[in-house]
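Engineer: Spelled out, the chains give:
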Amino acid sequence: MAAKAELMDYDKALELFEPVLGFEVHVELNTKTKMFCGCANEFGSGANTNTCPTCLGLPGGLPQVNRQAIESSIRLGLALGCEIAETSRFARKNYFYPDTAKNFQTSQYDEPIAFNGQLTIELESGRQVTVDIERAHMEDDAGKLTHMGGAAGRIQGADYSLVDYNRGGVPLVEIVTQMIEGAEADAPEIGKTYVAAIREIVKALGVSNARMEEGNVRCDANVSLRPRGSNILGTRTETKNVNSLRSVERAVRYEIQRQAALLTAGGTITQETRHWHEDTGVTSAGRPKSDADDYRYFPEPDLVPVAPSRAWVEELRATLPEPPAARRKRLQADWGFVNLEFQDVVNSDLLDVLEATIAAGAPAQAARKWWTGEIARLANATGVSADSLVTPVQVAALIELITDGTLTDRLARQVLEGVIAGEGTPSEVVASRGLAVVSDDGALIAAIDQALASQPDVLAKIRDGKVQAAGAVIGAVMKAMRGQADAARVRELVLERAGTAPAESAE
Amino acid sequence: MTNLINQTASALAGLLADGTVSSVDVTRAHLDHIDAVEPDVHAFLHVASDAALATAARVDARRAAGEKLGPLAGVPIAIKDVLATLDMPSTAGSKILEGWIPPYDATVVKRIRDADLIPLGKTNMDEFAMGSSTEHSAYGPTHNPWDLDRIPGGSGGGSAAAVAAFEAPLALGSDTGGSIRQPAAVTGSVGVKPTYGGVSRYGAIALASSLDQVGPVTRTVLDAALLHDVIGGHDPLDSTSLTDVWPSMTAAAQAGLKDGALKGVRVGVIKELNGAGFQPGVKQRFEETLALLTAAGAIVSEVSAPNFEYAVSAYYLILPAEASSNLARFDSVRFGIRVNPDDGPLTSERVMAATRDAGFGDEVKRRIILGTYALSAGYYDAYYGSAQKVRTLIQRDFAAAFDQVDLLVSPTAPTTAFKFGEKLADPMAMYLNDITTIPANLAGIPGMSLPMGLAPEDGLPVGLQVMAPARADARLYTFGAAVEQLLEAHWGHTLLSQAPALAHTEMFATEGGAV
Chain L
1 MAAKAELMDY
11 DKALELFEPV
21 LGFEVHVELN
31 TKTKMFCGCA
41 NEFGSGANTN
51 TCPTCLGLPG
61 GLPQVNRQAI
71 ESSIRLGLAL
81 GCEIAETSRF
91 ARKNYFYPDT
101 AKNFQTSQYD
111 EPIAFNGQLT
121 IELESGRQVT
131 VDIERAHMED
141 DAGKLTHMGG
151 AAGRIQGADY
161 SLVDYNRGGV
171 PLVEIVTQMI
181 EGAEADAPEI
191 GKTYVAAIRE
201 IVKALGVSNA
211 RMEEGNVRCD
221 ANVSLRPRGS
231 NILGTRTETK
241 NVNSLRSVER
251 AVRYEIQRQA
261 ALLTAGGTIT
271 QETRHWHEDT
281 GVTSAGRPKS
291 DADDYRYFPE
301 PDLVPVAPSR
311 AWVEELRATL
321 PEPPAARRKR
331 LQADWGFVNL
341 EFQDVVNSDL
351 LDVLEATIAA
361 GAPAQAARKW
371 WTGEIARLAN
381 ATGVSADSLV
391 TPVQVAALIE
401 LITDGTLTDR
411 LARQVLEGVI
421 AGEGTPSEVV
431 ASRGLAVVSD
441 DGALIAAIDQ
451 ALASQPDVLA
461 KIRDGKVQAA
471 GAVIGAVMKA
481 MRGQADAARV
491 RELVLERAGT
501 APAESAE
Chain W
1 MTNLINQTAS
11 ALAGLLADGT
21 VSSVDVTRAH
31 LDHIDAVEPD
41 VHAFLHVASD
51 AALATAARVD
61 ARRAAGEKLG
71 PLAGVPIAIK
81 DVLATLDMPS
91 TAGSKILEGW
101 IPPYDATVVK
111 RIRDADLIPL
121 GKTNMDEFAM
131 GSSTEHSAYG
141 PTHNPWDLDR
151 IPGGSGGGSA
161 AAVAAFEAPL
171 ALGSDTGGSI
181 RQPAAVTGSV
191 GVKPTYGGVS
201 RYGAIALASS
211 LDQVGPVTRT
221 VLDAALLHDV
231 IGGHDPLDST
241 SLTDVWPSMT
251 AAAQAGLKDG
261 ALKGVRVGVI
271 KELNGAGFQP
281 GVKQRFEETL
291 ALLTAAGAIV
301 SEVSAPNFEY
311 AVSAYYLILP
321 AEASSNLARF
331 DSVRFGIRVN
341 PDDGPLTSER
351 VMAATRDAGF
361 GDEVKRRIIL
371 GTYALSAGYY
381 DAYYGSAQKV
391 RTLIQRDFAA
401 AFDQVDLLVS
411 PTAPTTAFKF
421 GEKLADPMAM
431 YLNDITTIPA
441 NLAGIPGMSL
451 PMGLAPEDGL
461 PVGLQVMAPA
471 RADARLYTFG
481 AAVEQLLEAH
491 WGHTLLSQAP
501 ALAHTEMFAT
511 EGGAV
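Sequences listed follow chains L and W, in order.
At position 105 of the first sequence the residue is numbered 105 (my numbering), and the sequence of numbers has no breaks.
At position 67 of the second sequence the residue is numbered 67 (my numbering), and the sequence of numbers has no breaks.
Source of the hints: derived by calculation from the structure; they are not laboratory data.
Be aware that one or more of the hints could be misleading.
[Stated by the list, open to error] Computed footprint of chain L on chain W; a stretch qualifies when at least three of its residues, placed anywhere within it, have a C-beta under 8 Å from a C-beta of chain L: (1) 63–76; (2) 220–228; (3) 234–241; (4) 331–337; (5) 348–356; (6) 371–377.
If you're wondering where the values come from, they're calculated on a predicted model, not measured in any experiment.
For glycine and all other residues, C-beta sits at the position ideal for the given N, C-alpha and C.
Full structure from sequences and hints, please.
Structural biologist: Set out below in structure tokens:
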């Protein structure tokens, strides 16, 4: 495993150097079929089952462009504030590697579909950072190599490698930023927040499943350091395939500390790719990468240029959802959540279900409380996502039953368990499990009278004005009712029976 | 019984349709003849005798059952080995694909099967279609039926020789810089390179994607038209396939057989393709053909295409560049042969290198190296970029020429068939042999070669090349059929009837009499 390099204290590194960043984010589109053939774009199928002469790179195979992928790419480009090219071309990026069936990647070079965009992100401090997007271009994904024998699935020392071309030809959009300067100490957070923003956008657009753990969104992080007072850029490294938001943050921080230590010790940075090791939290050297890397790009002769009409682009622009950042601002205001409450919802990835729950009639705070509380707890315990347990409509119905007094919070938790166990809607669970609050005052009064009778000293205290003494009676009643009573109502009735509150007129 | 192997495809189609002969009879006659002449000609890399007879029997049964079949149903056909076939090896003449049987049919193969033609086998070619002589086949050269010591042209020498030696009435070819037309010229047969995008390339093992085009190889213009109608038309699997609705090429060819078809047709002679380096007999037959055309009422004039002088140079940048990328997939990982390095570790990179070293021939390596160089950073603009500009200039030359004339003509090749080995040591001489055919590929326009006589000095066939504007393939067929009729009337026979009988059998010379 990669050894931890000499690191410089982060603050010290920032004192001596200015970090300069750049990100390449690959987004796997969730089209039904692959980028250039009719094979299914599916995760988890048997090895090499979603393949054909074209995506296997067999002699004679030819590509056909997936219209849906073009549409998704244009929408993504628009959502990133990009211009959409009037004509855009595919190009071949030539290099030999066994996971690349044709031994060239069909990508885009000098004529990308989208370019010149901007994305403004907001850091936790409230600092706004505008990231300039150089381009977003389309390309096909490579297959997946599994190295057998040898150590820990690595290519070095492997006896042989298996290759699965199911992912080969899956449509990708690669989003490339301009150089990000002025990040300063926020550099790691900028990395994390930028990737999170991309993920949020593609999810809102519905163009990708956006699951980083399945590789739907992958980030390559470029980091270089510029000595304070210098205007010459340092040599950069490119840490490949950083596949979680936290890892992006850690990898950027690590590279800053590593490069700073190396430079200060008189060393030089090698321009190279680096691997991120999630387990040990370090990067290790990959292959050298020079600006002169020669992929011998040339226009793909098997495809004609893509020329999206302006009318189509405008049609697609009209389908864009509200930008996620704007939506968050609006929802927080609508719901009246304080920052911490709202962050909790966002960080738990519960914004969509919360919105749906509120749309189904639940009060915002109650919806938040249930989703981030009990439901999240149950989800954590079973290792699944909260929204896979119950639906927003079910949660709204549950909250409604609490609001109308049918359920107490305690009973509602039992009903929730029933709903999760598949016993039906909250109302059905209430009925089948007999969990409704006893709201028949007759039954409650009988229990109260019995409790008062057995605790005459308490009754005397209440009548003396020591209202808090009623607690003992309420407890006894709740116990007798096996919890299926509304404690507030019981309290009302206790005081009434004790003669300190006016009897209801109906009696 | 009628001599079946001498018949044109259209004649065979008639005999099959009216029940005079069965497809099994026709197929067996061709297979027998293949057996007899293949030791001399070596046009085929694979002969699928059993499959061909079984297919023929099925077609016969369906015809007997009264099913309505297509015009070429039951007619045998040979398939250039560059095309993927489900049931036959597809090697493109390369060692690296030895024994490889694709899991799919090329679109054109599927179309000939759907039209009930009978695939006889796969024909020889220069490796990956790189060459003008079939001497670059990894499986040995094909011999010209007119003179077994000479080349049959290339890359599609196998298809042309098969047709010229009466081993098949029809064949499929592919033409990147003349690979259908030049072999047709030197074997006395007919070959057509359709408009780029007119015929699907799906399943054609790519040489240069922007230049490759599949087309018919036959003995008559009408047969070529019949086959073109079967294989042509839009294919969604080929993104460069045109969506045009095409007129019937067969009807176009038939129109050419009517009286006066040449009257008033404006024929342009390309000044730049009618001069230096052309064999005297080639020039002579060309001049005679022009005279006949004029006499038949065509208006012959000279046009200039000043940028043609750059065509070969541009072609030999674009082709290797695209080929270097197209041929990258031959890496031993998924198909084809695998060769391990003699010593040292077995990394994927080293196995790929050893496989490509052993699997590719010298000409393929030469062009991969040239193309890799031409695409390299720092050289791209000077080489590939400039070549693409030349391509535009050549397209403009054609556009200007077609403003003045309906069709352009030239000799198909500067010389008749040369002897084996004659140009092997000098790649430039070999490349220059395609000087006449390359411009059509660079511009994407259709071209045809048909016989225009034998060169007096060597008695070998000379071809006339005809070119039309993009999408005007039908015009080629009308004109080609008319010229063919005009020349044959002038000679009093077909050109191929003058071919020497091949050693092992006299059957087609004795049984059916002269054609």
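Engineer: Hint by hint, which ones does this structure get wrong, listed from lowest number up?
Structural biologist: Numbers 1, 2 - these are the hints that the structure violates, sorted from lowest upward.
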